[in-house]
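Novice: Spelled out from the first residue to the last, the chains are:
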Amino acid sequence: MTLGPCPHEKEIAAMLASGQWPHAAPAELRAHAATCRSCAELALVTSAFRAARATASAAAPLVSPGILWWRAQLRRRNAALERVTKPILGAQLFAFSICIAVAIAFAASHAAQGLSWIASLSQLLRPASVDVAKLWPSSSGSAFWVLVPLLATLALLGGVAVYLASSEEQ
Amino acid sequence: MPLESILPSLFAGEVFRSAALPAELPPGALMGNEAFAAFYSRSARPLWAYLARVSADPALADDLMQESFVRYLCAARPDDGEVAARRYLFRIATNLLRDHWRKPRQASIEEIPEEFFAAVSSSAQSDSRVLLGPALAQLTLRDRELLWLAYAEGYSHKEIAEVTGLASASIRLLLFRARRRIAALLRDQNAQLGLQP
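As they're listed, the protein sequences go chains A and B. The opening residue of the first sequence carries number 42 in our numbering; numbering runs sequentially from there. The opening residue of the second sequence carries number 6 in our numbering; numbering runs sequentially from there.
Looking at chain A on its own, in the form it has when it is part of the complex:
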């Protein structure tokens, strides 16, 4: 099998590309193509493909380019939006995991006090031993842990109320 092209192939290819083959081709070139297998194949295949291209191009059902352009814009915007929102989502997940960790740590550190409180509550539920004074922790350390969250909640609610009032004024 030889892969060396026939020296006339380029000439015939140029005439095929310009639509001059075979009518405007020199007689000697046509005679050569009739005897040269490579050139005959080139002419046969190229004219078949060119004709098929012309036929298929005429049959092409085209949509509006505006629709495709809009679809591309939308896809780009969605991709950009995804890029922007990804770090935000990551930050939210991080904050949520931190909250969970703090809650677990808090619960673990106060588990002992909670258990004792539950035990005292079960004693209170007995009808004979209902004593309102027992509901309030007697020790100063326990009072501290009740007062601090209460004050913090009040401060938070106060801040929210001030913010809402000021935003309404604006």
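Rather than coming from a laboratory, the hints here were simulated on the basis of the structure. Remember, predicted model here, so these are calculated numbers, not experimental data. Treat the hints with caution; some may be incorrect.
[Said to hold, decoys possible] Pulled a few chain A residues facing chain B out of the computed Cβ check, cut under 10 angstroms: (1) Arg78; (2) Ala89; (3) Phe90; (4) Ser98; (5) Ala100; (6) Pro102; (7) Leu103; (8) Pro106; (9) Trp110; (10) Ala113; (11) Arg116; (12) Arg117; (13) Phe137; (14) Ile141; (15) Ala142.
Glycine residues also receive a C-beta, built at the ideal position from the N, C-alpha and C atoms.
Following the hints, complete the assembly by docking chain B onto the known chain A.
Specialist: Then chain B, alone, in the frame of chain A:
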């Protein structure tokens, strides 16, 4: 109904402008609607012809052509002229076609490509006096791609290598074999029909 059709004004709004059009966006992606329409009018028909003939499925060609243009608009590539842009478009289409071919085959609702083309225009076929479809159907996808790019689009070996992703050195041999194969098929077909080659 997709979200994009419900909320076009929202997606086109200022909220998304800064995120959608960053400074590093490539020139190809910033192609305006009018510039794209001009490029589309010159490239769509050849691209559809390529896809329809190589896949032998006009419906698939419709889908892949639209997807090719959308991906072309979204792609990050330098603005290096229309010839290179068209080559890039053909490359996208070729990759999409191969991806489709790798998927499990599904029955197409349009299995009559040759008749479809013949119904639209019979003059060109009578000029060439060959029906390419049956001959093409006997070749591999790669051979069909190579032959179409070389003989219908007139691409050089280097350009074909760029479009198909094959090694430039192997294009010549592959094309030689594919041409020999389809020439034999066309000659047989013409002989059966009693046509002169």
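Novice: Against this structure, judge whether each hint is valid.
Specialist: Here is how each hint holds up against the structure:
For arginine 78 (chain A), the interface hint holds, the least distance from its beta-carbon to any beta-carbon of chain B being 9 angstroms, beneath 10 angstroms. A hinted interface residue such as alanine 89 (chain A) counts as satisfied when its beta carbon comes closer than 10 angstroms to some beta carbon of chain B; here the least separation is about 4 angstroms, so the hint holds. Restraint check, phenylalanine 90 (chain A) versus chain B: the minimum CB separation of about 4 angstroms is within 10 angstroms; hint holds. For serine 98 (chain A), the suggested interface contact is upheld, since its CB lies about 4 angstroms from the closest CB of chain B, less than 10 angstroms.
For alanine 100 (chain A), the interface hint holds, the least distance from its beta-carbon to any beta-carbon of chain B being 4 angstroms, beneath 10 angstroms. With its C-beta approaching chain B no nearer than about 6 angstroms, proline 102 (chain A) sits inside the 10 angstroms limit, and its interface hint holds. Of the supplied interface hints, the one on leucine 103 (chain A) holds, with its beta-carbon coming within about 5 angstroms of a beta-carbon of chain B, less than 10 angstroms. Below 10 angstroms, beta-carbon pairs count as interface contacts, and proline 106 (chain A) has one with chain B at about 4 angstroms; its hint therefore holds.
The interface hint given for tryptophan 110 (chain A) holds, since its Cβ lies 5 angstroms from the closest Cβ of chain B, which is under the 10 angstroms cut-off. With its C-beta approaching chain B no nearer than about 3 angstroms, alanine 113 (chain A) sits inside the 10 angstroms limit, and its interface hint holds. Interface hint status for arginine 116 (chain A): upheld, as the beta-carbon distance to the closest one in chain B is roughly 5 angstroms, under 10 angstroms. Against a cut-off of 10 angstroms between C-beta atoms, the interface hint on arginine 117 (chain A) holds, since the closest Cβ of chain B lies about 5 angstroms away.
With a least beta-carbon distance of about 24 angstroms to chain B, the hint placing phenylalanine 137 (chain A) at the interface is violated under the 10 angstroms criterion. Because the closest C-beta pair between isoleucine 141 (chain A) and chain B is about 30 angstroms apart, greater than 10 angstroms, the hint is violated. Annotation: interface hint on alanine 142 (chain A) violated; nearest CB of chain B at approximately 32 angstroms, more than 10 angstroms.
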